[in-house]
Amino acid sequence: MVESYLPVLILFVMVVAFAFANMALSELGGRKRKNVGKGEPYECGMEPEGNARLRLSIHFYLVAVLFILFDVESVFLVLWAVGARSFAETGVGVFVFAEIAAFVGLLALALAYVWRKGGLEWDR
Amino acid sequence: MNDIAAKLGMTGDQLEGLLAILVRNTVILIGVINVAAVMTLVERKVSAWMQYRHGPNRVGPWGLLQPLADGVKFIFKEVVIPYGANKPLYLLAPAMAAVPAMMTIAVIPFANDVVLFGKNWGPLAIADIDVGILYLLAIGSMSVYGVILAGWASNSKYSLLGGLRASAQMISYELSMILAILAVVALAGSINLKEIAALQASTGNPLDWFFFKQPLACFLLLVASFAETNRHPFDFAECEPELVAGFNTEYSAMKWAIFFIGEYSAMAVMSALSVVLFWGGWSVPFMPDAPWYLGFAAFLAKVSVYLFLFVWVRWTLPRFRFDQLMRIGWKVMLPLALLNLLATGAMLALFGPPGAP
Chain A
1 MVESYLPVLI LFVMVVAFAF ANMALSELGG RKRKNVGKGE PYECGMEPEG
51 NARLRLSIHF YLVAVLFILF DVESVFLVLW AVGARSFAET GVGVFVFAEI
101 AAFVGLLALA LAYVWRKGGL EWDR
Chain B
1 MNDIAAKLGM TGDQLEGLLA ILVRNTVILI GVINVAAVMT LVERKVSAWM
51 QYRHGPNRVG PWGLLQPLAD GVKFIFKEVV IPYGANKPLY LLAPAMAAVP
101 AMMTIAVIPF ANDVVLFGKN WGPLAIADID VGILYLLAIG SMSVYGVILA
151 GWASNSKYSL LGGLRASAQM ISYELSMILA ILAVVALAGS INLKEIAALQ
201 ASTGNPLDWF FFKQPLACFL LLVASFAETN RHPFDFAECE PELVAGFNTE
251 YSAMKWAIFF IGEYSAMAVM SALSVVLFWG GWSVPFMPDA PWYLGFAAFL
301 AKVSVYLFLF VWVRWTLPRF RFDQLMRIGW KVMLPLALLN LLATGAMLAL
351 FGPPGAP
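Top to bottom, those sequences are chains A and B.
For the first sequence, position 42 (counting from the first letter as 1) is numbered 42 according to this note's numbering, and the numbering increases by one without interruption.
For the second sequence, position 51 (counting from the first letter as 1) is numbered 51 according to this note's numbering, and the numbering increases by one without interruption.
Everything labelled a hint here was simulated from the structure, so no lab data went into it.
Note that the structure is a prediction, hence the values are computed from the model and not measured.
Hints may be right or wrong, so weigh each one.
In silico lysine-lysine, DSSO-like type, Cα no more than 30 Å apart, as pairs [unchecked claim]:
#	chain 1	residue 1	chain 2	residue 2
1	A	Lys-38	B	Lys-331
2	A	Lys-117	B	Lys-331
3	B	Lys-87	B	Lys-73
Partial pick of chain A residues on the chain B-facing surface, computed with a CB cut under 10 Å [stated by the list, open to error]:
#	residue
4	Ala-52
5	Gly-83
6	Leu-111
7	Lys-117
Every residue gets a Cβ at the ideal spot worked out from N, C-alpha and C, and that includes glycine.
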């Protein structure tokens, strides 16, 4: 079964080679005439003001945490989804579905809580 | 053949298998890179027609050689690395964005079993692996790293904002995308993309296509794929008026091009995924026993429609605001996708699996 991943490995090598070879190509073929203005980060032509390593809005972290919460949920749901058909065929469908519905319901409750608390409002 | 194999310490069959893998990988990879190149021309042509212009028409007949000319131009452009950039990350970022996008084509089944030179070479896909959808989602979501690294390493405020917005948007819409796909998986009972396509193609009846059982999931996946590939109307990562191109503001020459090859490959893969999941993959309507090349042509035709849709939507819908985008993602798409999945599960549990496919 592991052999079936061999093409993926070969593809990985090919794609990485493609990406880096192309970047090296323009490194070789491109013109090289540096001056002071060219290397400045673009800021509408003005001189850059301060550093770009800014502090970020906490919202981005909140979104990341929420994402992890629901992503883990979806990983569990993959397992159920693959089996759902055979569960229904073997007659345990309703039981398994009730369990998964409780699981999803719990997370939907979490979503409702975040919603209520205003965690999903971007422009607060 | 057998002599060469013996020298390499392999059997003839092993060598043949290895050569088949190499040929298949090369053909499919070059094919997708060419789709990306042609899409740049198609995008400009279609945009031009929609705005009553001609678009590129100087290089070659009908502007057909424009992608080639662009490629040559990219090679001879100057590579500028801004002061204060984090150099290793800055150089790594384009590859980090493009490599996952091009890796995801590995599991897309383009056609049924290929019969060539009197031998069955298996389905026209790089790898026919059982966890196809899981692989596609896992590798595909890694291109977020490239985008956020590009934004952070450039030492430019526009890039930083663009990268952050892109990553927030990609992870928000990924949830609805996964849940929409799972509704189809529940119906099909498999996460092997080839099996899902074969299920829909078996009778040749277009009504077996999963679109007719899961229209809502199809629509959710469409919207999510616009957001995942940073396309209009969700292209906040690179919206020109606010962020002057966002995370790739500071990139030039081939590095910039690599980002775009990645983006267009991601578009091609998302279109192909939608076709496999909802539109029957290689299924030719009313021809269950169509030969593989007809199926391949049907697949390409369906993917082209999707790719055209990407360009069409770009000139039809205005761009959202960022808070609107997050609101749609979390408050509309996610609950809808959850409800759709639960409804599918309930139908399956109460009325049993659908008969025909």
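Now for the hints, and whether the structure bears them out:
Under the criterion of a C-alpha separation no larger than 30 Å, the hint pairing Lys-38 (chain A) with Lys-331 (chain B) is inconsistent with the structure, at around 44 Å. Pair hint Lys-117 (chain A) plus Lys-331 (chain B) holds up; C-alpha atoms about 13 Å apart against a cutoff of 30 Å. Distance restraint check for Lys-87 (chain B) and Lys-73 (chain B): the Cα-Cα separation of roughly 24 Å lies within the 30 Å cut-off, and the hinted pair is therefore satisfied. Because the beta carbon of Ala-52 (chain A) sits about 5 Å from the nearest beta carbon in chain B, less than 10 Å, this interface hint is met.
At about 8 Å, the closest approach between the beta carbon of Gly-83 (chain A) and any beta carbon in chain B falls short of 10 Å, and the interface hint on this residue holds. The interface hint given for Leu-111 (chain A) holds, since its Cβ lies 7 Å from the closest Cβ of chain B, which is under the 10 Å cut-off. Checking Lys-117 (chain A) against chain B by beta carbon gives a least distance of about 13 Å; that is not within 10 Å, so the hint is violated.
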